[in-house]
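> What follows is the residue order along each chain.
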Amino acid sequence: MTRRSLLLLPLLLVSCGGGKTPAGQPPLNTLSSANFNELRERFNRDAGHTRIVVLLSPT
Amino acid sequence: MQGASALEAVVKEQAGADIRIYVVWEKILATDYAAPGSGVLARVFDPRAVQYWDPDLLLSKTAQPVLAASPDRVIGKKALVTGKYVWDYEAIYPPGVTWDVAFPLPELQGAPVADVAKDLMQRYWNSRSKSARVRR
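Chains H and R, in that order, give the protein sequences. Each residue of the first sequence is one higher than the one before, starting from 1 at the first, in the numbering used here. Each residue of the second sequence is one higher than the one before, starting from 1 at the first, in the numbering used here.
Not one of these hints is a red herring.
With a straight-line cut-off of 25 Å between C-alpha atoms, the simulated BS3-like cross-links for lysine-lysine are:
(1) Lys20(H) x Lys12(R)
(2) Lys78(R) x Lys61(R)
(3) Lys12(R) x Lys130(R)
(4) Lys118(R) x Lys77(R)
(5) Lys20(H) x Lys27(R)
Here are the in silico distance ranges between beta carbons for each label pair:
(6) Ser131(R) x Glu38(H): 27 to 33 Å
(7) Ala34(H) x Arg128(R): 33 to 39 Å
(8) Gly37(R) x Ser32(H): 15 to 21 Å
(9) Asn35(H) x Ala9(R): 29 to 35 Å
(10) Ala34(H) x Asp100(R): 16 to 22 Å
(11) Arg73(R) x Glu41(H): 22 to 28 Å
(12) Lys61(R) x Arg45(H): 20 to 26 Å
(13) Ala34(H) x Arg73(R): 30 to 36 Å
(14) Ala132(R) x Thr59(H): 37 to 43 Å
(15) Pro27(H) x Tyr33(R): 19 to 25 Å
(16) Ala34(H) x Asp18(R): 30 to 36 Å
(17) Asn35(H) x Ser129(R): 34 to 40 Å
(18) Asn35(H) x Thr98(R): 17 to 23 Å
(19) Thr59(H) x Lys84(R): 15 to 21 Å
Among the chain R residues that face chain H by a calculated CB cut under 10 Å, a handful are:
(20) Tyr22
(21) Gly37
(22) Arg48
(23) Leu58
(24) Trp87
(25) Thr98
If you are wondering where the hints come from, they were derived from the structure by calculation, not from laboratory data. We put the beta carbon where it would ideally sit given N, CA and C, even for glycine.
Given only the sequences and the hints, what does the whole structure look like? Please build it.
Here it is as C-alpha cells:
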C-alpha cells in the first residue's frame, strides 16, 4: 500500500459511512433487509401528517 | 441532485405545514458508489425531513410493482416509475394512509422531482382545500 493510499483511506471510510444530516434531523439511516421495516413503521407512525416520499440519486 | 434542491425550496414555502419528508438516496447511477456526504444531505435541510441511504434499492424494489401498475397517475416522466427502478421520484400522501403489506399508492406522484415538486405540492393543497370545502 502506498503512502498516498494510506492517507486517503480514512477519507474513503468516512465517505462510505455517509455524511452528517442537517441540524434537527436524525442521523442518516442506511437501509438493509434487516431494518427496512423501520421506514415502514416511521411512515405509519406519522400517519397523522401529510407525508412526502422522494427517491433520489446522490450524484 | 437538482431534485433535492427543488424539494427543499418547495417545503421551505410550506414552513407551517404539518408535513413529514422522507428522503431516500438510492445507489442508482454508476457514480453513486458511496453514501451521500454532508454536502448532499444539506440540500434538504428542513427539520421535518428524515434521510436514508438505500444502497440495495430496497424501497424501489418494494414500490415499483405497485406504482408501475398505475402509470396514468404519474405526473411527468412515467418511465422513471415504470422502469426497472423507481428514482428521481416524489409521492405525496395525505394523513390517514398507512403502509400495510404492499407499498401504498400515493394521492399524487411525479418525476423527475426537479420538474414536478412545486406542481405536486400545489395540486395537493388545492385538492385538500376542495375536500375541506365539500365537508363544510
